[in-house]
Amino acid sequence: MPRLPPSLFWRARKDISPFAPVLLPVCRDLTSTANELRWIREHVRDTPSPVPDQLRVWDLVEKRGKGVPLQYVLGNQPFGDLDIRCRPGVLIPRPETESYTLQLASLLARDRPPPSSLSILDLCTGTGCIPLLLLHALLRTLPRPVPITVRGVDICPHAVQLARENLRRARARLSSTAGDLEGACSVAFLQHDIFDPSLLRLLANPEEAITTTTTTAAAAATLPQPLNPGLDLLTINPPYISPRAFARSTARAVRNHEPRLALVPEPLAAAAAESSDSTLEPHDVFYARALAIADALRPKRMLMEVGGLDQALRVVRFFLRRRRRRPAEGLFKTVEVWRDEPAAGDRGERMAVEGTEVTVRGEGLGRAVYFSVF
Amino acid sequence: MLAAPWVCQRCVRSLGRIRVSQFIRRASTDSAPRTLPPALLERARRLTAEHDQLRAALENDFDPKKAKRAGELGRIAEALKQFEKAKTALGELQALLESDDAEMRELARDDLEATEAQLDESSRNLSVALTPKHPFADMPCLLEIRPGPGGTEGRFFADTLFKMYKLYCANKGYRTRVVQYEASDSDCQTGDEGEVALQEAVLEVQEPGAYGLFRGEAGMHRVQRVPATETKGRTHTSAVAVWVLPSFSENAGSSESEADWDNPESDFYIDPAEVRTETMRARGAGGQHVNKTESAIRLTHVPTGITVSMQDSRSQHRNRDMAWRLLRSRLAQQRREAREEQVRQLRNSVLATHQITRGDKIRTYQYQQDRCTDHRCGLDTHNLPDVLRGGETLDRVMESVRTWLVNKDIEAVLADEEAAAAAAAKQTK
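Going down the list, the protein sequences come from chains R and V. Letter by letter, the first sequence follows residues 1 to 374 in the UniProt record's numbering. Letter by letter, the second sequence follows residues 1 to 429 in the UniProt record's numbering.
Because the hints were derived from the structure by calculation, they are not lab data. Wrong hints could be hidden among the right ones.
[What the hints assert, rightly or not] Pairs of lysine-lysine, DSS-like flavour, derived with a Cα cap of 25 angstroms: (1) V:Lys133 - V:Lys68; (2) R:Lys63 - V:Lys292; (3) V:Lys81 - V:Lys66; (4) R:Lys14 - V:Lys232; (5) V:Lys292 - R:Lys66; (6) V:Lys68 - V:Lys81; (7) R:Lys333 - R:Lys300; (8) V:Lys163 - V:Lys81; (9) V:Lys163 - V:Lys361.
[To be verified] Sample of chain R residues lacking proximity to chain V, with all beta carbon distances greater than 10 angstroms (derived): (10) Pro6; (11) Gln77; (12) Glu96; (13) Cys156; (14) Phe195; (15) Glu281; (16) Gly308; (17) Arg322; (18) Glu336.
All values reported here derive from a predicted model rather than from experimental measurement. Note that beta-carbon positions come from the ideal geometry of N, C-alpha and C, so glycine has one too.
Sequences and hints are given; from them, build the entire structure.
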């Protein structure tokens with residue numbers, strides 16, 4: 001990281017505030033320093049406390065100055081129209097995730113004829129941001145209200161707890177806008193290892209899920225029926241950074257403060273067997289597993305977040321080869337690569353993978369692989 | 001001479017001084033038409049005839065389109081009826097004035113003034129009714145406040161203005177939302193009343209019809225005062241620009257309204273292909289690799305070169321939404337202005353100095369003299385603190401500007417009618 005000139009610190013103190021030089025080393029430029037300071041002040045103003053405001057601002061600025069991500073410092077991150085709670089130990093929702101989630105919601109809402117019910121499953125759910133935003137956006141944009149079942153799965157108990165907390169907050173927000181409509185929807189978060197073969201059984205039979213996981217009574221009440229049989233959407237934002245890239249190319253705030261479990265796939269014996277295919281690298285294990293789960297659950301659409309165009313093309317190649325080898329299981333007809341901003345539209349970009357033309361949508365870096373049966 | 005040999009000078013002066021806390025001087029260059037020109041009257045009669053016809057047609061079968069038109073014309077028909085009534089009353093009074101009976105003449109003279117006033121008012125009402133309503137008048141609005149070039153003094157005053165409008169809305173009970181509020185808050189620098197150095201602020205007034213109310217506020221607001229930063233006591237003059245843009249409620253979408261932005265006919269329509277979006281992109285791989293907080297977004301409308309940048313919220317998604325709304329509003333305003341300009345050039349007769357666009361200085365806030373002057377309607381008020389608190393005095397200023405604007409609109413309609421009549425006369429020749 002290049003050294004910042006001392007003059008910049010002076011300017012920060014003079015033009016912005018005496019707090020600014022503390023933030024400058026992590027923010028790196030004056031505009032974002034001013035913005036972050038403003039957000040910290042707004043946060044302090046909006047959350048009343050007996051401690052004097054100036055003292056709290058100083059406290060938060062100091063914490064942020066030490067490199068803690070702003071989302072952990074303030075404890076939340078806006079995600080679409082939702083406000084997602086963040087705590088150390090659970091991955092912070094990213095703006096790229098927000099973009100493709102909203103795009104998915106608009107795809108589902110545009111389906112003709114309109115669906116009579118929807119079921120969504122999110123693996124490696126973390127804060128629960130993807131399924132909660134999908135639910136929120138769908139309830140607001142669907143032409144008529146339909147029952148929606150949403151399940152999120154994560155291996156980490158902290159994450160599941162946080163996701164449930166976020167669900168409560170989203171529910172409070174939804175009930176003010178959507179009213180009783182929300183009663184027809186069931187949302188639940190389960191703690192489970194997605195490499196465990198018992199996952200599919202658990203999803204099909206929620207009674208067992210209640211007894212085996214530490215579900216609270218409130219969450220148990222939200223599990224009235226098993227996941228709708230025809231799964232409409234499967235999403236997964238798995239750890240996808242290789243140990244080498246984690247050490248070299250991740251930002252310091254990410255490396256030092258966000259959970260490694262959510263970023264770097266751990267080498268697993270079961271996973272290694274599944275991805276013995278030479279097209280995949282060791283850190284692509286979750287995609288092989290997600291495709292195997294898709295074979296069993298047969299979702300109409302599936303979206304997997306990836307860490308760049310290379311990884312996206314590897315996943316696509318793996319999928320195409322697999323479909324050729326076992327045509328009975330590959331039910332997805334189309335496969336697309338989405339960039340950071342998929343809503344920016346189709347600019348006619350195509351890529352040839354394994355002799356198949358693959359559409360690349362949007363602008364930015366390769367961010368997701370999208371499958372659909374249509 | 002005075003009986004006392006000597007009186008303190010100061011006492012004499014204080015006796016002479018009259019304390020006036022509330023003083024309003026009307027020195028307007030305003031010229032509201034006293035009598036209704038025949039062209040306008042002709043037009044009113046024509047429209048009333050159409051109204052009666054529509055009413056008759058509606059009694060037989062109901063057609064929502066016709067009903068809407070009839071509702072619009074109802075205003076004019078009503079005003080014309082009032083006008084005719086006042087006119088006949090005046091005619092009768094004048095007949096009475098000629099009568100031989102001295103008592104009757106006396107009575108008629110007493111009534112004459114009141115009736116004339118009534119006629120004046122009804123003729124004004126009729127002209128107002130004939131003036132087409134501003135197409136955005138029923139919409140909520142966005143107030144954009146930006147300091148003019150120059151030092152921190154202008155920025156402080158921009159903050160004062162921002163607070164003034166906010167307080168005014170609070171006093172009036174209008175719902176507002178701060179869309180953008182950017183200030184550089186160096187702690188050593190705040191104004192006399194704790195203002196911060198504002199760089200740009202956007203306030204949304206969510207009341208329907210707010211555009212009609214605040215339309216007259218657009219323009220350069222000038223301030224003359226001794227700034228907090230001034231050490232030698234000199235008066236400075238700075239300017240703050242206020243834009244008033246039509247906004248639309250978030251759930252707008254009915255095809256009838258002006259704000260239907262999916263309709264290419266609408267002023268608010270923007271082809272997404274014409275807009276370039278720039279975001280702060282993190283270097284490197286993005287996604288899980290980085291954790292950026294930069295959520296700034298900049299939209300550029302390529303054909304017109306209008307740019308909007310927004311970095312108020314932590315969510316890029318929200319910034320984008322707000323930026324799009326602002327871009328639509330600005331573009332709609334520009335299109336409207338362009339169209340008005342075109343109409344004005346076609347008319348080519350009245351000097352439309354009342355075209356409020358960005359350049360004109362419209363109001364002065366003079367701190368030493370405790371005065372707020374609107375240069376268009378020529379209204380002087382001497383209760384500046386109340387104006388800046390958004391109190392009744394500001395309401396009065398705004399009201400008089402609105403009246404002035406309506407009068408100018410009437411003039412424009414008149415000029416239009418006269419031009420049309422002249423053209424028709426030429427053709428018959």
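Here's how the hints hold up against the structure:
1. V:Lys133 - V:Lys68: holds, 15 angstroms
2. R:Lys63 - V:Lys292: holds, 17 angstroms
3. V:Lys81 - V:Lys66: With a Cα-Cα distance of about 21 angstroms, the restraint between Lys81 of chain V and Lys66 of chain V holds, given a limit of 25 angstroms.
4. R:Lys14 - V:Lys232: Holds, at about 24 angstroms.
5. V:Lys292 - R:Lys66: Holds. Lys292 of chain V to Lys66 of chain R sits at ~16 angstroms (cutoff 25 angstroms).
6. V:Lys68 - V:Lys81: holds, 20 angstroms
7. R:Lys333 - R:Lys300: Since the Cα atoms of Lys333 of chain R and Lys300 of chain R sit roughly 10 angstroms apart, the hinted pair holds (cutoff 25 angstroms).
8. V:Lys163 - V:Lys81: Violated, at roughly 45 angstroms.
9. V:Lys163 - V:Lys361: holds, 20 angstroms
10. Pro6: Its Cβ never comes within 10 angstroms of chain V, the nearest being 18 angstroms, so this holds.
11. Gln77: Check fails; 7 angstroms does not lie beyond 10 angstroms.
12. Glu96: Violated: least Cβ distance 6 angstroms, not greater than 10 angstroms.
13. Cys156: holds, 15 angstroms
14. Phe195: holds, 19 angstroms
15. Glu281: For Glu281 of chain R, whose nearest Cβ neighbour in chain V is about 15 angstroms away, the distance exceeds 10 angstroms, so it holds.
16. Gly308: violated, 6 angstroms
17. Arg322: Since the minimum Cβ distance to chain V is about 24 angstroms, Arg322 of chain R lies beyond 10 angstroms and the statement holds.
18. Glu336: holds, 17 angstroms
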